[in-house]
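Chemist: Below, each chain spelled out in residue letters.
Number of protein chains: 2
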Amino acid sequence: MRKNAAEIKIIKSPAALQKFSKKMQAQGKSIGLVPTMGALHKGHASLIEMSTKSNDITIVSIFVNPAQFGANEDFAIYPRRLKADVKLCATAGANIIFAPEPQAMYPLPLQTFVRNPSIEHLYCGKYRPTHFAGVLSVVAKLFNISLPSKAYFGEKDFQQLHLIKKMVHDLNFPVKIIGTKTIREKSGLAMSSRNEYMTQKEREAASSIYAGMITAKKTGKSLAELKTIIQKKIQQAGGKIQYIEIANKSDLMPAKTTKNSVILLACYFGKTRLIDHLEL
Amino acid sequence: MRKNAAEIKIIKSPAALQKFSKKMQAQGKSIGLVPTMGALHKGHASLIEMSTKSNDITIVSIFVNPAQFGANEDFAIYPRRLKADVKLCATAGANIIFAPEPQAMYPLPLQTFVRNPSIEHLYCGKYRPTHFAGVLSVVAKLFNISLPSKAYFGEKDFQQLHLIKKMVHDLNFPVKIIGTKTIREKSGLAMSSRNEYMTQKEREAASSIYAGMITAKKTGKSLAELKTIIQKKIQQAGGKIQYIEIANKSDLMPAKTTKNSVILLACYFGKTRLIDHLEL
Numbered sequence: 001m002r003k004n005a006a007e008i009k010i011i012k013s014p015a016a017l018q019k020f021s022k023k024m025q026a027q028g029k030s031i032g033l034v035p036t037m038g039a040l041h042k043g044h045a046s047l048i049e050m051s052t053k054s055n056d057i058t059i060v061s062i063f064v065n066p067a068q069f070g071a072n073e074d075f076a077i078y079p080r081r082l083k084a085d086v087k088l089c090a091t092a093g094a095n096i097i098f099a100p101e102p103q104a105m106y107p108l109p110l111q112t113f114v115r116n117p118s119i120e121h122l123y124c125g126k127y128r129p130t131h132f133a134g135v136l137s138v139v140a141k142l143f144n145i146s147l148p149s150k151a152y153f154g155e156k157d158f159q160q161l162h163l164i165k166k167m168v169h170d171l172n173f174p175v176k177i178i179g180t181k182t183i184r185e186k187s188g189l190a191m192s193s194r195n196e197y198m199t200q201k202e203r204e205a206a207s208s209i210y211a212g213m214i215t216a217k218k219t220g221k222s223l224a225e226l227k228t229i230i231q232k233k234i235q236q237a238g239g240k241i242q243y244i245e246i247a248n249k250s251d252l253m254p255a256k257t258t259k260n261s262v263i264l265l266a267c268y269f270g271k272t273r274l275i276d277h278l279e280l
Numbered sequence: 001m002r003k004n005a006a007e008i009k010i011i012k013s014p015a016a017l018q019k020f021s022k023k024m025q026a027q028g029k030s031i032g033l034v035p036t037m038g039a040l041h042k043g044h045a046s047l048i049e050m051s052t053k054s055n056d057i058t059i060v061s062i063f064v065n066p067a068q069f070g071a072n073e074d075f076a077i078y079p080r081r082l083k084a085d086v087k088l089c090a091t092a093g094a095n096i097i098f099a100p101e102p103q104a105m106y107p108l109p110l111q112t113f114v115r116n117p118s119i120e121h122l123y124c125g126k127y128r129p130t131h132f133a134g135v136l137s138v139v140a141k142l143f144n145i146s147l148p149s150k151a152y153f154g155e156k157d158f159q160q161l162h163l164i165k166k167m168v169h170d171l172n173f174p175v176k177i178i179g180t181k182t183i184r185e186k187s188g189l190a191m192s193s194r195n196e197y198m199t200q201k202e203r204e205a206a207s208s209i210y211a212g213m214i215t216a217k218k219t220g221k222s223l224a225e226l227k228t229i230i231q232k233k234i235q236q237a238g239g240k241i242q243y244i245e246i247a248n249k250s251d252l253m254p255a256k257t258t259k260n261s262v263i264l265l266a267c268y269f270g271k272t273r274l275i276d277h278l279e280l
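Going down the list, the sequences are from chains A and B.
When the letters of the first sequence are read in order and numbered with my numbering, they come out as residues 1 to 280.
When the letters of the second sequence are read in order and numbered with my numbering, they come out as residues 1 to 280.
FYI, nobody ran anything at the bench for these hints, they're computed from the structure.
Computed from a predicted structure; not experimentally measured.
The reader is advised that the hints may include incorrect statements.
Label pairs and their computed distance ranges (CB to CB) [stated by the list, open to error]:
| hint | chain 1 | residue 1 | chain 2 | residue 2 | range |
| --- | --- | --- | --- | --- | --- |
| 1 | A | Q27 | B | A5 | 31 to 41 Å |
| 2 | A | P107 | B | R194 | 28 to 38 Å |
| 3 | A | K217 | B | K176 | 47 to 57 Å |
| 4 | B | P107 | A | K29 | 41 to 51 Å |
| 5 | A | K42 | B | G70 | 34 to 44 Å |
| 6 | A | H41 | B | P79 | 56 to 66 Å |
| 7 | B | A26 | A | Q200 | 21 to 31 Å |
| 8 | B | K126 | A | K12 | 53 to 63 Å |
| 9 | B | P109 | A | R2 | 16 to 26 Å |
| 10 | B | K249 | A | Q27 | 32 to 42 Å |
| 11 | B | S30 | A | K3 | 45 to 55 Å |
| 12 | A | P107 | B | A6 | 40 to 50 Å |
| 13 | A | K22 | B | I77 | 39 to 49 Å |
Computed footprint of chain B on chain A, listed as stretches where at least three residues anywhere in the stretch have a Cβ under 8 Å from a Cβ of chain B [unchecked claim]:
| hint | segment |
| --- | --- |
| 14 | 23-35 |
| 15 | 115-125 |
| 16 | 218-224 |
| 17 | 264-277 |
Derived SDA-like pairs (lysine to any residue); straight-line CA-CA distance at most 25 Å [claimed, not checked]:
| hint | chain 1 | residue 1 | chain 2 | residue 2 |
| --- | --- | --- | --- | --- |
| 18 | B | K150 | A | A90 |
| 19 | A | K22 | B | K259 |
| 20 | B | K150 | A | K9 |
| 21 | A | K176 | B | Q242 |
| 22 | B | K176 | A | P14 |
| 23 | B | K19 | B | F69 |
| 24 | B | K22 | B | K53 |
| 25 | A | K23 | B | Q27 |
| 26 | B | K126 | B | F69 |
| 27 | A | K165 | B | A16 |
| 28 | B | K156 | B | H169 |
| 29 | A | K22 | B | K156 |
| 30 | A | K165 | B | A67 |
| 31 | B | K165 | A | Q18 |
| 32 | B | K176 | A | A90 |
| 33 | B | K165 | A | K9 |
| 34 | A | K176 | B | S13 |
| 35 | B | K259 | A | P174 |
| 36 | A | K12 | A | P129 |
| 37 | A | K9 | B | F69 |
| 38 | A | K176 | B | F69 |
A virtual CB, placed ideally from N, CA and C, is assigned to each residue, including glycine.
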């Protein structure tokens, strides 16, 4: 239900949120969690709206998690704008925003990590070697603090979503993971908080990512041909490929055929690193 | 409250226990968990009794966890005797025994692990390199399946208890960890399910472990002297040292002085590996 910004409760302390969530649990209330890094856009709004439809309480966490950024990445410049985010959360019907400071989430140096050594080094992990350990550990923390029965993630971060689902399965978290389709701009560009790093010109050029994947899906015959079509399209538009891979949808291992598989890629337009995917 | 064996409910399915625990939670009932590998003794009984005093429901998990045994260790021969364990749990007042089969806990090969790379390779971890990843991962699973507000562990496995407390802190598990003093036989030998591997003669000789630590604590001056006293005492009794180390109680890093520290050791009597500890 649409709310005013004033109706949203902002909680900054992990202990306070955990206490609140325990109380809700003991009252038999269901909690939906939408974990985000803020700088919210329509993609996030659709996750929040979905949560409000099937949970008594919807918590949106807004936390730019230092543990998932590498030393030379964009942690310092990642967009932070809590006030606008609160408005979007209110409009989408959330009840609680959890917006902790890094020192509240990591009062001591983190020693305990959740890791998936089978997949964390592939695709994005090849170029961001500590990224997925940081993601899985913070998601485990957010689950334990918010105690949701359902948690909502965009398919945009396809490898991340796969790793989170696998974590929930492997470690028996009492949480159902709901993955939702990537929301795209009219041009086909996947919505991302990082899109705003780009100039208007780069942004237009970056529509070649989706266009390339669609053309490849329609006309590519072999795995190699698919990759070449996408690569050419992105490079012609001025992008720089980091990787283009095709993986099995089921286990995310490198695919041998296009059947039940998914294109995964990362590329740069200017200084902005973008990721995208398309199921085949 | 003391029960008959018939009053204990044995649950074998993780999904069934999680459903039960969620239901208890939604009714505001508190759950205490006592994770064990079975072959229960007085040490376990004291943990169960403690749990029954401060929780509405006490769950005892009995699971010989393959993930925490090395390839050449005693997984196959570890004592299993559910019937006697049920009796002990009943007498101690537990409500539920969770006794899953390995394939129920690991329906697919485990990919996601909880790890502490700062400590998992020290002390016991030096000789059992995959042990603590197996322990932390299964404890995370047991927490997520049983949803306890308190969980009880013996100090006997001192490094394990430290790692579990650190995991709960680092990953914000909504569980309070209660560590309890090691229960010892009259001879001073720490109670352990593995003691029954020993002959009567070995068992008597193994009392040198505690005796050695007590003498060292009373008369040893430097860290080196303490270690030498214990080493001699165990070797004189026919034991073989695996390691004797002294660690800070607070962070379990190697100690520089005896102040606020703890002796940690592992040794063999015959083929039986024993561990023990003493706070200084």
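Chemist: Would you mind marking each hint as holding or not holding in the structure?
Modeler: Now for the hints, and whether the structure bears them out:
1. Q27/A <-> A5/B: 31 to 41 Å: Holds: the Cβ-Cβ distance is about 35 Å, inside 31 to 41 Å.
2. P107/A <-> R194/B: 28 to 38 Å: Given a distance of about 37 Å, which is inside 28 to 38 Å, the answer is holds.
3. K217/A <-> K176/B: 47 to 57 Å: At roughly 52 Å between Cβ atoms, K176/B and K217/A fall inside 47 to 57 Å, so the hint holds.
4. P107/B <-> K29/A: 41 to 51 Å: Hint violated: Cβ distance 30 Å, outside 41 to 51 Å.
5. K42/A <-> G70/B: 34 to 44 Å: Given about 51 Å between the Cβ atoms, the range is violated.
6. H41/A <-> P79/B: 56 to 66 Å: With Cβ atoms ~58 Å apart, the hint holds.
7. A26/B <-> Q200/A: 21 to 31 Å: Violated: the Cβ-Cβ distance is about 51 Å, outside 21 to 31 Å.
8. K126/B <-> K12/A: 53 to 63 Å: 41 Å, violated
9. P109/B <-> R2/A: 16 to 26 Å: Since P109/B and R2/A have Cβ atoms about 46 Å apart, the given range 16 to 26 Å is violated.
10. K249/B <-> Q27/A: 32 to 42 Å: With a Cβ separation near 39 Å, K249/B and Q27/A satisfy 32 to 42 Å, so the hint holds.
11. S30/B <-> K3/A: 45 to 55 Å: The hinted range 45 to 55 Å is violated for S30/B and K3/A, with Cβ atoms some 33 Å apart.
12. P107/A <-> A6/B: 40 to 50 Å: 47 Å, holds
13. K22/A <-> I77/B: 39 to 49 Å: Cβ of K22/A to Cβ of I77/B: about 42 Å, so the range 39 to 49 Å holds.
14. 23-35: holds (count 4)
15. 115-125: holds (count 5)
16. 218-224: Result for this restraint: violated, n = 0.
17. 264-277: With 0 residues in contact (Cβ-Cβ under 8 Å with chain B), the coverage given for the segment 264-277 of chain A is violated.
18. K150/B <-> A90/A: Cα-Cα ~36 Å, so violated.
19. K22/A <-> K259/B: 39 Å, violated
20. K150/B <-> K9/A: Cα-Cα ~29 Å, so violated.
21. K176/A <-> Q242/B: Roughly 45 Å separates the two Cα atoms, so the pair is violated.
22. K176/B <-> P14/A: 15 Å, holds
23. K19/B <-> F69/B: 29 Å, violated
24. K22/B <-> K53/B: 21 Å, holds
25. K23/A <-> Q27/B: 11 Å, holds
26. K126/B <-> F69/B: Holds, at roughly 14 Å.
27. K165/A <-> A16/B: 20 Å, holds
28. K156/B <-> H169/B: 21 Å, holds
29. K22/A <-> K156/B: The given pair, whose Cα atoms are some 31 Å apart, is violated under the 25 Å limit.
30. K165/A <-> A67/B: Answer holds: K165/A to A67/B is near 21 Å, not above 25 Å.
31. K165/B <-> Q18/A: 18 Å, holds
32. K176/B <-> A90/A: Not satisfied, since the Cα-Cα distance of roughly 34 Å exceeds 25 Å.
33. K165/B <-> K9/A: 31 Å, violated
34. K176/A <-> S13/B: This hinted pair holds, its Cα atoms lying about 18 Å apart.
35. K259/B <-> P174/A: Roughly 42 Å separates the two Cα atoms, so the pair is violated.
36. K12/A <-> P129/A: 29 Å, violated
37. K9/A <-> F69/B: Violated - the C-alpha atoms of F69/B and K9/A are around 47 Å apart, more than 25 Å.
38. K176/A <-> F69/B: 31 Å, violated
Hint compliance for this structure: hints 4, 5, 7, 8, 9, 11, 16, 17, 18, 19, 20, 21, 23, 29, 32, 33, 35, 36, 37, 38 are broken, all remaining hints hold.
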